[in-house]
Structure formats: structure tokens, C-alpha cells
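Visitor: Okay, here's what each chain looks like letter by letter:
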Amino acid sequence: MTDTTFPTARRLATMREAALLAMIVVLVVAMSFASPYFLSVANFQAVIAGMVPTAIIVVGMTILLVSGSFDLSVGSVMALASTVVALLLLSGVSIPLAILGACAIGLAIGAVNGLIVTVLKVNPLIATLGTMLMARGAALVFTEGFSLSSLPQGFAMFGKAQILGLPLMAWIMLLIVLLGDLGLRRTRYLRQVYFIGGNERAAALSGIPVSRVRVVCFMLSGLLAAFAGILLASRLMSGTPTAGNALELQALAAAVIGGASLRGGEGTVLGAFLGVVFVALISNAMTMLAVSIYWQMVVTGLVLIVAVAVDMLTRSKT
Amino acid sequence: MNSMITLRGLNKSFGATHAVKDVSFTLEAGEVHALVGENGAGKSTLMNMMAGVLTPDSGHILLQDTPRALTSTLMAARAGIATVFQELSLVDGLSVAENICAGHAPVQFGLIDSGAMARRATDLLHRLGTDLPVWRPVGSLLAGQRQLVEIAKAIGQLYHPEAAVPRPVRALILDEPTSALTADEKLRLFAAVRELRLQGVGIIYISHHLSEVVALADRITVLRDGATVWTRPAAGLTTEDLVSAMVGREVLRAPRDEAVPGPEMARLEGVTRAGQVRDLTLSIRGGEVLGVAGLDGSGRETVARLLAGVELPEQGRITLAGAAHPGTLRRAMSAGVAYVPDDRKTLGLFLDLSIAANAVVTDLTQVARAGMMREALIHVAGVELIADQGVKAAGPDMSVRSLSGGNQQKVLLGKWLRRAPRLLVVEEPTKGVDIGAKQDIHMRIAALAREGAAVVIVSSDLPEILELSDRIAVMHRGRLTGIVDARSATEESVMALASGLVEDAA
Chain A
1 MTDTTFPTAR RLATMREAAL LAMIVVLVVA MSFASPYFLS VANFQAVIAG MVPTAIIVVG
61 MTILLVSGSF DLSVGSVMAL ASTVVALLLL SGVSIPLAIL GACAIGLAIG AVNGLIVTVL
121 KVNPLIATLG TMLMARGAAL VFTEGFSLSS LPQGFAMFGK AQILGLPLMA WIMLLIVLLG
181 DLGLRRTRYL RQVYFIGGNE RAAALSGIPV SRVRVVCFML SGLLAAFAGI LLASRLMSGT
241 PTAGNALELQ ALAAAVIGGA SLRGGEGTVL GAFLGVVFVA LISNAMTMLA VSIYWQMVVT
301 GLVLIVAVAV DMLTRSKT
Chain B
319 MNSMITLRGL NKSFGATHAV KDVSFTLEAG EVHALVGENG AGKSTLMNMM AGVLTPDSGH
379 ILLQDTPRAL TSTLMAARAG IATVFQELSL VDGLSVAENI CAGHAPVQFG LIDSGAMARR
439 ATDLLHRLGT DLPVWRPVGS LLAGQRQLVE IAKAIGQLYH PEAAVPRPVR ALILDEPTSA
499 LTADEKLRLF AAVRELRLQG VGIIYISHHL SEVVALADRI TVLRDGATVW TRPAAGLTTE
559 DLVSAMVGRE VLRAPRDEAV PGPEMARLEG VTRAGQVRDL TLSIRGGEVL GVAGLDGSGR
619 ETVARLLAGV ELPEQGRITL AGAAHPGTLR RAMSAGVAYV PDDRKTLGLF LDLSIAANAV
679 VTDLTQVARA GMMREALIHV AGVELIADQG VKAAGPDMSV RSLSGGNQQK VLLGKWLRRA
739 PRLLVVEEPT KGVDIGAKQD IHMRIAALAR EGAAVVIVSS DLPEILELSD RIAVMHRGRL
799 TGIVDARSAT EESVMALASG LVEDAA
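As given, the protein sequences belong to chains A and B, one line each in that order.
Position 250, counted from 1, in the first sequence is what our numbering calls 250; the numbers after and before it change by one each time, with no gaps.
Take the position in the second sequence, starting the count at 1, then add 318; the result is the number in our numbering.
Rather than coming from a laboratory, the hints here were simulated on the basis of the structure.
It is possible that part of the hints are untrue.
Taking CB as the label site, the calculated pair distances span [as the list claims (entries may be wrong)]:
| # | chain 1 | residue 1 | chain 2 | residue 2 | range |
| --- | --- | --- | --- | --- | --- |
| 1 | A | Val119 | B | Ser376 | 57 to 63 Å |
| 2 | A | Val119 | B | Asp431 | 52 to 58 Å |
| 3 | A | Ile305 | B | Phe427 | 38 to 44 Å |
| 4 | B | Ala642 | A | Ala246 | 37 to 43 Å |
Computed from a predicted structure; not experimentally measured.
Here a beta-carbon is modelled for each residue, glycine too, at the ideal position from N, C-alpha and C.
Can you make the complete structure from the sequences, with help from the hints?
Guide: Right under this line is the structure:
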């Protein structure tokens, strides 16, 4: 495959993806010796189920990062969507309509994020910090802080149904990641994102509808977060207003570990996905080795800083 | 011997680019030695090796006949070489004295001794034959004053933090010191340079402004493609001698046929934007190059931005080929408008993307099929742009950042010419580009007009406007003071209109 358009960024991204893949393999091999339970089917299913929301959310986050922006509201939007789908189901709305309703909430919040950033010119940190608090608050208001259970049995299919030994939601996650990767690498529409992230003013003066593309990217991020919330509700069979706490930061960290840059113009969905896998495996490894769950956050933070520091050091040499 | 710096057989390569090839010359005490050459000729690399920023691959640098390895700017400063880089290094919020004494502020009992600092700054400025209020914040100074502070600061770097007296200044390197200066400020800078020359300092003077070089320098070294063409005494040399040595061939002017005016491509009618332009009426026809001249603040760039659709008129109307202007650049592009903004780095190009990516940004659909990008088509677009515009580059995958200014400007123009515009609006078509590239760009702009497109050139470079245009619209404080025929116009006649001294009824 020859990617000629963005050679430097692409070469670095490919290197990053290869390095991450190598580290993932090393981790798996090392862990299979360190713990007899690591290579079990049950463990892998647990790891995959755990990373579905982050892996779906990281797709939108990466696209936003490439455009030179990001979205802190995703964790809250996921929680809000999980409660909205539960509320709709409990009030007797059919499963497809309830899913559509929750997706609409995600799209709407994404659109609001995008409009705040492009029309009101509020920077993305503040804009999405605000909507993050509002979405979380709304989820808590709707549910008075409680989880909503007793959802109709048919809704469990995303978590329960299995194809080739993997739950349906894992396949959906892989499909979204693949489509996201293809979309960002290949489609004309999302190629505009690299130009916006590379030089926003030059993009506007080259005829790229910068604001419109930005709003669409935020809407995509909101939609994916809402969809992650629907899958979560299906797996847990409840709407959980407190779900996805700090998920936005985990997704950001994974995308950056996977090669995206906060300055914009760089990053791939595949790299970000590998970042999610890597972080998930490290957490799992620590669980297997009976390290306290609290240490896992410390280690994730450390991995993030090490990944970026190594990147900066290798880049400054070239 | 009194040579301050002697270079013997210096070589420096960056990857496949042999930036400096076997360059030797001497800088004598008390001479102004100018380095001239096109962008990419190796001036900056040579300068950076003398300043300790880069180390040569081979060859020797001798300071007063003693070989020295200059492996850092600090080491170069300790060896008595002061450098004023093109990028200004001053901190706006700090005072003149604080800027000049950065890194070697005189200290007493562990605290900065502000009296001693002011005296030191004043002394350094006196060496340049100048006086500035040393407690003024640098941000409030004019460009010319800032440049003097830069030089004082560079010489000041020769102070050791612990010592009260500076080391002797052997050499001062000035890189394009006049690029932001007015005529008066230039004279003051030249006076400062001459003052230092009298004190026995050797001065390396790098500039694109050849008339300045001829006036100021004692000797001139011309570089081309990394190698020395010659070093000669400046006396008796003309700018034409320099140009032909730099370019390596006779300089051609863009061929000028009689303009054959076609149909009207754009029209401004009574257009007003508060504080920018007032009651502007102007018509642009196919096949002609219309120059827009005016001093800074005359509103000349607003004409370009209005035509491009980047700004909208508050009153009046704009038409494109008879139809109302659609009001945004994106829609104007569909009507055949192309707009080259004045700052290629911040407004025009994607520096970290490849030439090919920059080539296709103005028309992504052209290199996509069914909504999917085709890398092969993008590659071809890059190859075509390089060939069509005569860009010097290893290939379409090179990042635009790695190109010289002239080649970057060609990429910027090329990405718009690919769309075969009917109305090309160009701001500052050749700002900061070398002579060869300037000539190439002028030829392509003239060629587009000959093919029947309308071209509007907005430039602060009056000779350029006179050379390229068929008609020149002159602005003064937002108003059109005249439209003159470029063949009969002179710099003086245009300046008279631009400064509002006369108003042409036409």
C-alpha cells in the first residue's frame, strides 16, 4: 500500500502501529507464562467486553484529534445514552426506536459541541467540559442517581449473542473500528480533517468548509459515544448514569499512545485502537498478577507519558 | 594577517542535499562582507556554521588564523562571533535593557543590579552610535529600533556573566537585517554597521536587497547552489552583475504582449467596508493583469479579500462575470475564482503535508472516485504541479516545509492554477522569494492572463506591480485615487497617487 499524500505523518503512524503491535505481542507472550489463566477464553472475552466502549469512542476521538480538537463529553454522553435507552425501553418504546432515540441524543450533543466550538468560538476544552458536566447531570436527573434495570430480555442480544465465539458487540466494535480507519484513511470527506488539523486558516482559504466539517466530526463523536452507551446498557441490562467516568481521558490517552497528536494533523484509527488494546491488556495483566485496581490508573498514566516522551525524543533526532 | 574568520573548504550536506560545497573565504577586520545568493544557495547554512548552530562535515573555520571547532552558539559567542538571526529573538514585555542583557545581567548580592544593567545596555547601544530609552518595553519600539536592540543584544552576548568587560567582538553576522525596516530606519542601521566597522569588527551581511548590498559592502561573495561563484570588491559592481552571478544566466523579464481585453470578469460597484475601503468602483476584464497598489493601510488587500469572498461588502455590490458574487470563497471557487493569500506559511500552505497533498487541497473531488481518495491520482497531481510550476523538489512526497521560500510560493500558486481559474487574485505574489523563482512566478501569472483569465495582483512591491500589470489601480486611505496604464506609469507617478498627493479623475 502506498500512501503518498501525507508521507511523514503516515510513516510515523505506521511505525507507531508496528511498535504497539509488537508490544502487545510481547505482553501476551509474557503474560501467558506469568499466569495460567491469561490465555483462557473467558479472560479474553472479559478483556474484549471491557474495551468495547473505549474502542468505539476512540474512533470519534481520533478523528477529532486529527482535526486539532477533542471531546471530553464522551464518557458522560455514553452514560446519558445508556439511561435514555433504558428509560425509553421501560416506557414501552420498541427496541429499535429506543436505540434510535439514544443515538439522536448523542448526535444532538455532538452538534451542540460543534456549534459551541465553531459559532461561539469557545475552545474545545471548555466547550466539551461544559457539555460533559451537563450530560452527566442530565443522566443523574433522569434517573435520580439510580441504575435502571428490568429491561426487556430481547435487548440483551448485543451482549449475549455470540458469533464465532465472540459476542455480537465485539463484532460491532471491530466493524466500527475498521470503518473508522478506512474512513479516515481513504474518504474524501474525512481527508479534509487532516488539512484542518494541519493548518485551519489555510484550509478555510483553500475552500474547505472548516466549520461544517468540525460540526460533523463532533456529531460523529457524540453518535459513537451514545452507541457505546447503548451497547453498555445491553451488556449490563441496565441504564447506568454513573458509567464511563474518566472514559474521555482513557480514550484520549489511548489515541495519543496510538500516535495521534493534540496539535492535530496526525493520527490513525488503527493506531488508536491498538492503544486501547494495549492499555486494556496492561490492566488485565495487572489484574491477573493481583495488583490493586488502583495501581492500574497509575500505570496507564505512566504509559501515556512514556509513549509521548519516546515519540518526542525519536522525532527530534530526525 | 588581520582576517577575523577564514573558512577553508567547508562542506555541509543534509541527506542528499549538498547545501555547502567547498566554500572558502575570509572576513577581514573592519570590513563589511556581503553574502548574496538565491534562496537555497547556501547562505543560511554557511552562516549557521559560523554561528555554531551547525558543524561542517569537512573543512576548517579559522579565527585569526587559529582553527576552532564551533560546536555551539555559546562557543561561537565565546570566540567573539555575534549573530543576529532573521527570526527576532526579543521579548516584547521586557525592557530594552533586560533584552540586551539577557543571560548576562550584572548581579550584586545575588540580585540583578538594574543600574549596572542600564549602563551596560546604554554602552552597547552607544557602540552602535545610537541611544534608546533602555527602560522602554521592547514591544513599544519601531521595527528599526528593535533591530538595533537585536544587534546590541548579539554583541552583548559576548559578555561573560561573571566579567564586567565583554570579550572582543571579532565578527558580527547579520541575516536579512533590513527586511522589516523603512528607508529611514535602514539608514540608521547602516550607520550602526559602519560604526562597528570603524571599531575593527568584521561584519558578514546577508541580504536579498542587492542595492543595499552594493551600497554598504566592502566585498561581496556570491553563492550559487552551495558553491562560491566569486568574491570581489564591491566598488564598481552593479546589482545586475550580482543578479547574473546569482542566477547564472541573463535575467529575462516576463514577455509582455499587448493585453487583449476580453469580457468583464469581475466588477466592484460602490463597495464600502468601514475602515477599509470606501465607495470603490472597479472593473476587471479577462486577459488583463490589474495591479492594486497603495501604501500599508490603504485598503489594497481588502480589494483582494472582497473579490475572493473572504470579506463581504457592507455597501455596494460585487459581480463575477455579470452574476452576483456568491459571498463565500468556497462558492466563488465554483465560479472560477482563485485566491492566493499574502502569507504562504500561515494562510496558504500545509507545511507538514507533502507537495502532493498541498496540490490537491483546492479540489479533492478531482482526486477521489466515489468519495474515496485515490493515492495514485494525488501522486500524479503532485508530479504535475512540480513540473508545471518548476518546483525544485526531490518528489511530490517531500513536505512543503523542507522547500525554499520560492518553491513554497510556487506550490501555493500551483495549487490554484491547477483549477484553471477565470479570476486569479494574488496577494504579494513573490514576497521573500529569490529572483529565479520570482521570474518563474511572473511568467506563469502573465501566461494565465494571455489565456484569457483576469488576474488581480495586490502587492507592496511597486516595481513588481509595474512590471506585471496592464493597468494599475492605486488606493489611498480606502479610496481609489486613480487607475493608470502600467506602460506609461512610473514609480513616482504611482507613489504620488498612493500618497494622496494627486488624484486622478479617470
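Visitor: None of the hints should be skipped; say for each whether it holds.
Guide: Against the structure, the hints:
The hinted range of 57 to 63 Å is satisfied by Val119/A and Ser376/B, whose Cβ atoms lie roughly 59 Å apart. Hint check: Val119/A to Asp431/B, Cβ distance near 53 Å, so the stated range 52 to 58 Å holds. Separated by about 40 Å at the C-beta atoms, Ile305/A and Phe427/B satisfy the suggested range of 38 to 44 Å. For Ala642/B and Ala246/A, the Cβ-Cβ distance of about 53 Å falls outside the hinted range of 37 to 43 Å, so the restraint is violated.
Consistency note: the structure conflicts with earlier hint 4 alone.
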